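Colleague: Protein chains in written order, with the numbering used here: chain A, 1 to 392; chain B, 1 to 653.
Don't read these hints as lab results, they were simulated from the structure.
Every value quoted in this text rests on a predicted model; they were computed, and no experiment measured them.
For every residue, glycine included, the Cβ atom is placed at its ideal position computed from N, Cα and C.
It is possible that part of the hints are untrue.
[What the hints assert, rightly or not] Cβ-Cβ distance ranges computed for the label pairs, FRET-style:
no.	chain 1	residue 1	chain 2	residue 2	range
1	B	Arg116	A	Asp11	47 to 55 angstroms
2	A	Trp26	B	Glu259	55 to 63 angstroms
3	B	Arg107	A	Trp356	47 to 55 angstroms
4	A	Ser135	B	Val34	39 to 47 angstroms
5	B	Glu294	A	Phe102	24 to 32 angstroms
6	A	Phe352	B	Ser7	28 to 36 angstroms
[Stated by the list, open to error] With the Cβ distance kept under 7 angstroms, some of the chain B side facing chain A (calculated, not the full set):
no.	residue
7	Ile26
8	Ala30
9	Gly39
10	Arg229
11	Phe591
12	Val595
13	Arg649
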Amino acid sequence: MSASQETLIKDFGKPSFWSALTLFDWLWAALVAGGAAYVLYRYGAVMDAYETGILMGVAPLLAGTGWWWKPFRTFALAVAALSLCAVWLYGTQLSNAETNFFLQYLLASQSAVMWMSALFILATLSYFISLFARSDYAGQIASALTWSAAASGLIGLLVRWRESYLIHPDVGHIPVSNLYEVFILFMLITALLYLYYEARYQTRALGAFVMLVISAALAFLLWFTFERAGHEIQPLVPALKSYWMKIHVPANFIGYGAFSLAAMVGIAYLLRARAERVNPQGLFATRLPSLEIMDNLMYKAITLGFGFFTLATVLGALWAAEAWGGYWSWDPKETWALIVLLNNAAWLHFRFTKGWRGAPMAWWAVGGLLVTTFAFMGVNMFLSGLHSYGSL
Amino acid sequence: MSTAIPSARRRASIWLEFLGSMNLAITLLAALAVSSVVGTVLQQNKTYESYIIKFGPFWFEVYKALGLYDVYSAGWFVFVLGFLLVSTSLCVYRNAPGFVREMRDFRLQHNARSLRAFAQHAEWTVALGAEALSAPLENYLAARGFRVRVKPQGSGLLLAGMKGATNRVGYILAHVAVVVICIGGLLDGNLPLKIKEWRGEVRLETKPGILISEVPGESRLPASNPSYRGSVNIPEGASTRDVILRMRDGYFVQALPFEIAVKDFRTEFYDNGQPKSFESDLVLIDPERAEPLEQTISVNRPLLYKNFAIYQSSFTDGGSRLTLRVWRLGGTDALNMEGVVGGSYKLHGPEGALTLELKDFRLHNVKSAPPGSGKKFVDIGPSFIFKLRNEKGEALEFENYMLPLNQDGREFYISGVRNNENLPFSPLRFPADAQGGVAGFMRFAGALRDSAQRARAVAQVTSAGPSGARTLGETAAALLERFAAGGFAATQEYIRTRLASLPGEQREQVARAYITLLQDSLHALYVNLDLPPMPDVARQQQFFQDAVDTLGALPDYGAPFYFELADFNQLQASGLQITRTPGKGIVYLGFGMIVAGVFMMFYLPQRRVWLALSEQDGRTQVLLAGASNRDPLGFAREFEALRDGLTERLQRL
């Protein structure tokens, strides 16, 4: 009896988190660990302690993300394979981009970014067709296109990273240092965040809205590329030469991406709320997810944004303490980051403690996008300060 | 009826209620956000003059009274911030004890009836006693991250599970962090200095351009000052015990408790001339240390010492020694002079005394390379920047290059001039002679100013003409004289007025003849100089033409001298920022707390589940119920998994 009681106890305890992992999960983790180990072995000599630390932190983060969100693994593996392929095709000659077919039309950073642009435009169209023609098939195509666009964007950035080193080892740097690069980062992160929630909430109807913000960013990126030659790789100013850039900027853009997502869901929320009153049988009232789901999604996105924006601002302060001589200088960029945080803190307090839900919060989230956009772009365009790297 | 004490207490509690209320907190968050905007739109801590120019005298005073030029230390701003701190502290003070209690409370008072009222609940009947089920079920919850308490209840048991208690810890951490960060920030801020200034114990020094040693004691701050953020430029090989704290339209001199010396300063540049890195070898001499501390700092790699940090923030010229050849335009010889960047020198010009102020020296000037050269950038060599100030105090700014610049196969010495620092330099080109210097041109310019040489040239040109030579000679002399005195502009003006009476067509014809005459006279003047010959005639002719072009523009140059940079000895100064931040550790602690707190709050939601077991006739009724304080949709999914897992296991029994 006591033996069977013990088996019973054991049986009720299973499966724990670890035993729920499949072979493929472990394979994935091993691959990530192997990759990190190889980087360390190959480039460890030129990495400083902080960069090694960042690598050590990124590897488990990547493995964990793959465990938590399975489709991410396929995405990451495809991106890694194609990026490595590009690195291999380049060899040590930047000029291979002009002679090698695959680089020229597919994998060179500029080509990959152009693919990303085309795919994002197609994805936007497909999401709209899916919404208006009530076509689930178009929705599936749209998701696939968004995945491909995000992959192209990330390949573009990773290959650009390599290209900067091919220009000259002194010029080499992670491509998150100017407006062109961070716009790609922004689109890519926003798309991935959206794809995550799309799968989680089992709805593709919000794609059209989220893609709008990505398309707007894309329009700017193309203008910036063709009018201002923003895509040219420039060497870093001394203040940006720091390991902090590798963590501060991505954290910031997870924040920007999440806030944008929240705002676009807010717009969808308002449309549905209105449609339910005016035209309950119409498209918006029937195709869009329920108000409860959208409210929840908005909340999720804002908390994610708030968390990462807090982290990014703190990282920025720590960096400022090394580069500008003080962790806080009331520089316009710093101050606007604080304003974004205060705005979202107020939003969260309203929801938690006053229990506010619904249209006012959706309006607020949409308004918040204006504040966020000003912090991101407006500060660089209209205000002067220390943080002038992202200027037009 | 009520006595004084309870009413006072009630009043206090109303105040506490108000100060700790959420409405006030949210209002304050919004107020802080809006007032922060002001300081980003209005550039902070500029000189008062620039604000007067921008806003006019009336609004200047209004904004000044509101403290808008230094918003973030304005009284009202600090007040709002302080208010928010009090509000946050009270909020934590009022809520924290309840939260801590809640973290420990497993809510064992629930029973089957109350649990059935939960939105999330499920029930099974199992052919097993409650005692036998207890341990497996406890393990079931524990394996899913719940802490479990078991309590006998009626004819069975109640298992209460809880996870995410850290959610409440997150709340406390995040809110206390705000207070901690502000306290740390306050320690590092300049509030004590503001108070001293307000009480008149110290006074801002506003006189520009005086030496640090001349600053009076009332504008000096002692080394005991607990926090500051100052800057200083130290030339290579020099040292300092003071830093400058810039505020509004003036500064304080802050004494350091140690001495900082810059042994060496180095810069590296990219091909495009952009600085790649700059670093200083520092020596810190502290009387409290036996050995001086030596360390190399660069951007992003400061020297940290006690609660001081020394940053590489910029670089500038530290008093480079320049050897100049001063050519009087119109004279033929040059004087040599030595000068130091940063210094001022008196000169005697033709129209009174002039002051030469040497402003800067640049070793490298990288410009876009001419197309077809195969390179993208080219370094055109050293230059120096100076101002020439007349007795009225008016100044022109110049930038002269040391090496000649190759343009279309000819070499020129470039001198840029401007009367406003916001304008680009407009360049004047001095053609290089056969020996590659400016002497040839200077002799030409000298000959032009010399009436005897002009007369000789005119005689040579006009003697060829058989008739009317006298008037022709007079015209040529007049043209040459105008050209010498006023360049192209004056010559054109002269021709225009002189020919004003002629009809249009004829006027043009005669004007062309005049120009040819001037050209010939100038050429004669040039030939008479007998300068060392160029390698070929075409180059010779080109030099003459280039020289004439420059001579024609010379009167607008604005300076009676040309300063040629003959030699230099570069001395750079390292721009350091020195901060003393006793509150930094506290602020960083707050940073850690706020990040940890925020993520705990959002991603570790508090979840409670209960399993009520009631046994009857050897069969047990199992009731599962759950609740979460955040994210009901997410919890619904989690509860489903919990329910399904349990169904599967209970069926197997």
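Colleague: If a hint holds in the structure, say so; if it does not, say that too.
Modeller: Now for the hints, and whether the structure bears them out:
With their beta carbons about 27 angstroms apart, Arg116(B) and Asp11(A) fall outside the hinted range of 47 to 55 angstroms. A hinted range of 55 to 63 angstroms holds for the C-beta pair Trp26(A) and Glu259(B), which are about 60 angstroms apart. Between Arg107(B) and Trp356(A) the beta carbons are some 27 angstroms apart, a value that contradicts the proposed interval 47 to 55 angstroms. Here the CB-CB span from Ser135(A) to Val34(B) is close to 46 angstroms, well matched to the stated 39 to 47 angstroms.
A C-beta distance of roughly 53 angstroms is found between Glu294(B) and Phe102(A), which places it outside the suggested range of 24 to 32 angstroms. Between Phe352(A) and Ser7(B) the C-beta distance comes to about 34 angstroms, which sits within the given range of 28 to 36 angstroms. The interface hint given for Ile26(B) is met, as the beta carbon of that residue sits about 5 angstroms from the closest beta carbon of chain A, less than 7 angstroms. A least Cβ separation of about 6 angstroms between Ala30(B) and chain A falls short of the 7 angstroms threshold, and the interface hint therefore holds.
Taken as an interface hint, Gly39(B) checks out: its beta carbon lies about 6 angstroms from the nearest beta carbon of chain A, inside 7 angstroms. Taking 7 angstroms as the C-beta contact cut-off toward chain A, the hint placing Arg229(B) at the interface holds, the least distance being around 6 angstroms. For Phe591(B), the interface hint holds, the least distance from its beta-carbon to any beta-carbon of chain A being 4 angstroms, beneath 7 angstroms. Given hint, Val595(B) at the interface with chain A, holds; its Cβ is 5 angstroms from that chain's nearest Cβ, closer than 7 angstroms.
Checking Arg649(B) against chain A by beta carbon gives a least distance of about 6 angstroms; that is within 7 angstroms, so the hint holds.
Comparing the model with each numbered hint stated earlier shows that hints 1, 3 and 5 do not hold.
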